[in-house]
Amino acid sequence: MSKITVENVSYVYSGGTPFEMAALNDVSFEIKENCITGIIGHTGSGKSTLVQMFNGLLRPSSGRILLDGRDIWENPKEISSIRYRVGLVMQYPEYQLFEETVEADIAFGPKNMGLSEDEIAERVRESASFVGLSESDLKKSPFDLSGGQKRRAAIAGIMAMRPEVLVLDEPSAGLDPAGKNTIFDGIKKYAESTGSAVVIVSHSMDDMAKYCEDIIVMSHSRVAMKGKRNEIFCRGDELEEIGLGVPQITLLMRLLCEQGVNISQDIYTVDDAEKALSELFGGAR
Amino acid sequence: MKSVAFGQYYPSNSVMHRLDPRVKIVIGIFYIVASFLCKNVLSFALLTVSALVLILVSKIPVKIVLKSIKAIIFIMIFTAILNIFWTKGPEENLILHWNFINIYVDGIYNAVFIAVRIISMIIGTSIFLTYTTTPIELTDGLERLLYPLTFIKVPVHEFAMMMTIALRFIPTIIEETEKIMSAQKARGADFTNGSLSKRAKALIPVLIPLFVSAFRRAGELATAMTCRCYRGGNGRTRLKVLKTTYRDYLALFFIAVFGAAIVLLNIYAPGYTM
Ligand SMILES: Nc1ncnc2c1ncn2[C@@H]1O[C@H](COP(=O)(O)OP(=O)(O)O)[C@@H](O)[C@H]1O
Ligand SMILES: [Mg+2]
Numbered sequence: 098m099s100k101i102t103v104e105n106v107s108y109v110y111s112g113g114t115p116f117e118m119a120a121l122n123d124v125s126f127e128i129k130e131n132c133i134t135g136i137i138g139h140t141g142s143g144k145s146t147l148v149q150m151f152n153g154l155l156r157p158s159s160g161r162i163l164l165d166g167r168d169i170w171e172n173p174k175e176i177s178s179i180r181y182r183v184g185l186v187m188q189y190p191e192y193q194l195f196e197e198t199v200e201a202d203i204a205f206g207p208k209n210m211g212l213s214e215d216e217i218a219e220r221v222r223e224s225a226s227f228v229g230l231s232e233s234d235l236k237k238s239p240f241d242l243s244g245g246q247k248r249r250a251a252i253a254g255i256m257a258m259r260p261e262v263l264v265l266d267e268p269s270a271g272l273d274p275a276g277k278n279t280i281f282d283g284i285k286k287y288a289e290s291t292g293s294a295v296v297i298v299s300h301s302m303d304d305m306a307k308y309c310e311d312i313i314v315m316s317h318s319r320v321a322m323k324g325k326r327n328e329i330f331c332r333g334d335e336l337e338e339i340g341l342g343v344p345q346i347t348l349l350m351r352l353l354c355e356q357g358v359n360i361s362q363d364i365y366t367v368d369d370a371e372k373a374l375s376e377l378f379g380g381a382r
Numbered sequence: 059m060k061s062v063a064f065g066q067y068y069p070s071n072s073v074m075h076r077l078d079p080r081v082k083i084v085i086g087i088f089y090i091v092a093s094f095l096c097k098n099v100l101s102f103a104l105l106t107v108s109a110l111v112l113i114l115v116s117k118i119p120v121k122i123v124l125k126s127i128k129a130i131i132f133i134m135i136f137t138a139i140l141n142i143f144w145t146k147g148p149e150e151n152l153i154l155h156w157n158f159i160n161i162y163v164d165g166i167y168n169a170v171f172i173a174v175r176i177i178s179m180i181i182g183t184s185i186f187l188t189y190t191t192t193p194i195e196l197t198d199g200l201e202r203l204l205y206p207l208t209f210i211k212v213p214v215h216e217f218a219m220m221m222t223i224a225l226r227f228i229p230t231i232i233e234e235t236e237k238i239m240s241a242q243k244a245r246g247a248d249f250t251n252g253s254l255s256k257r258a259k260a261l262i263p264v265l266i267p268l269f270v271s272a273f274r275r276a277g278e279l280a281t282a283m284t285c286r287c288y289r290g291g292n293g294r295t296r297l298k299v300l301k302t303t304y305r306d307y308l309a310l311f312f313i314a315v316f317g318a319a320i321v322l323l324n325i326y327a328p329g330y331t332m
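Chains as they are written, first to last, in my numbering: chain A, 98 to 382; chain B, 59 to 332.
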């Protein structure tokens, strides 16, 4: 059931120097299989540090990360095989593009895995279709793409390795709503068609509410809350204390409720709100 | 890694840290000259004492100072050995004669003197110019000191600005390199295994994005500066105006006395002279 288990993990940057900085403090939780998990927290709460542990880019100062029940650092020499199984899209991944064509760039990961030409071509095509890059985009230089397209190309580069766990660090940061939706839809398509676990890091409550089933809330290097989406969002006051708040639409429903409108409060997406509202006003239409 | 940005700068609040960088540059140069003037036991003793005083006044831990000396220990031993074996003195100073090897007292004196000179020089310059002065302060001080050169059309301000910008972006670029390397590692790039040519090739996915973003950043910075009407040094005033205080004059006074003392000791003190 549990794909990744994080056990009492702590991490200290530049340990033993005057610049020492504790970024994670005794963090424990699980990432479930076949599930989209959201990690949310304000800037500097340790989200990026945390996700870089999932694929072994950073090694916990203490504690363990288990993938399918096995410590990923059991054999440090084989850490690169972990990186193929847990695909990490770093923050602002568009800055990692380097090849002459988008196609070649997406193929970089699969090539490192030592796959056959046919297999690589097949995977490039598939992941490009997930994120909505067209055949002609694939032939372009990555430096000629728009910001949103670059981001999608970079994400496709990780998807092409077909990781069992896809981890994305703030995949929608700095994008317009349309760009955001394309990316999240792509992620959803990947999750559905491969059955992989997906972890999305974000600080937008609205995105989290729309796509994630499980949510982990980070605050000041620790896990502040973890649980199902509705379990988290019904604790609105606590979330506000951490400085995060609830999705805009949930807030709206709550305000309506306070005004005496008879409407459910556990509404987290615009679609659900639309349904509830049209039910409410159904007769009047 | 971020510490690279500050070079060897050691943050503290000593008197030395608060001196005007221009004064520190002048004193630093003066100190090097003085260490070359030393000629006999007494003047070298004074030099040694002055180096110790500098360490105390600047409140830099001895451990850190020793680290910077460790870097040149090999050169020092090498010059010392050369001096011991190659210095020729008068016949009565010969203390060891074996085959073709002749060792004179003079050689031993020279070896010790030169070692003391190199160590003091390193301590002096690193305390004045690196441990207690940030690179940015240093460029600022240099720009002011070299200001007269603008009259013979040397673009002093532009050079200083270039240096400041370069220094400012060192940490940014280091951070960026780390990020890009992580990103490519996440895609299975391997920077540590394989033959040299293989590892060099593995750097391409790092270097290309790094250059692209360095150029992009340079362009953006230039635009941002132009938008704020930057047009070089002409008529430009400063945010942090360097001001000399009584402390700086005192420091200049001390270094003058120190220089005079060394010259006097060279003239009047007895004993072996280099
Ligand atoms: N390479 C690094 N060196 C030192 N400190 C770092 C480094 N990366 C992040 N930090 C620090 O660790 C803390 C957590 O950072 P991060 O994981 O990036 O948070 P988030 O992604 O939630 O914004 C921050 O306080 C940050 O300053
Ligand atoms: Mg982050």
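A few of these clues could be false.
Now the in silico label distances, taken between C-beta atoms and shown as ranges [unchecked claim]:
{"no.": "1", "chain 1": "B", "residue 1": "P229", "chain 2": "A", "residue 2": "G112", "range": "36 to 46 angstroms"}
{"no.": "2", "chain 1": "A", "residue 1": "E197", "chain 2": "B", "residue 2": "F227", "range": "54 to 64 angstroms"}
{"no.": "3", "chain 1": "A", "residue 1": "S158", "chain 2": "B", "residue 2": "V111", "range": "34 to 44 angstroms"}
{"no.": "4", "chain 1": "A", "residue 1": "S158", "chain 2": "B", "residue 2": "Y288", "range": "37 to 47 angstroms"}
{"no.": "5", "chain 1": "B", "residue 1": "P206", "chain 2": "A", "residue 2": "E197", "range": "43 to 53 angstroms"}
Derived by calculation from the structure, the hints in this document are not laboratory data.
Using N, Cα and C, we set each Cβ at its ideal position, and we do this for glycine too.
Does the Cβ distance between P206(B) and E197(A) fall inside 43 to 53 angstroms?
holds, 51 angstroms
Is it true that P229(B) and G112(A) lie within 36 to 46 angstroms of each other by Cβ?
Cβ of P229(B) to Cβ of G112(A): about 19 angstroms, so the range 36 to 46 angstroms is violated.
Given a hinted range of 37 to 47 angstroms, is it respected by the beta-carbon distance of S158(A) and Y288(B)?
holds, 44 angstroms
Can the suggested window of 54 to 64 angstroms be confirmed for the beta-carbon pair E197(A) and F227(B)?
violated, 27 angstroms
Within 34 to 44 angstroms or not, the Cβ separation of S158(A) and V111(B)?
holds, 41 angstroms
The structure fails hints 1, 2 (numbered hints given earlier, in ascending order).
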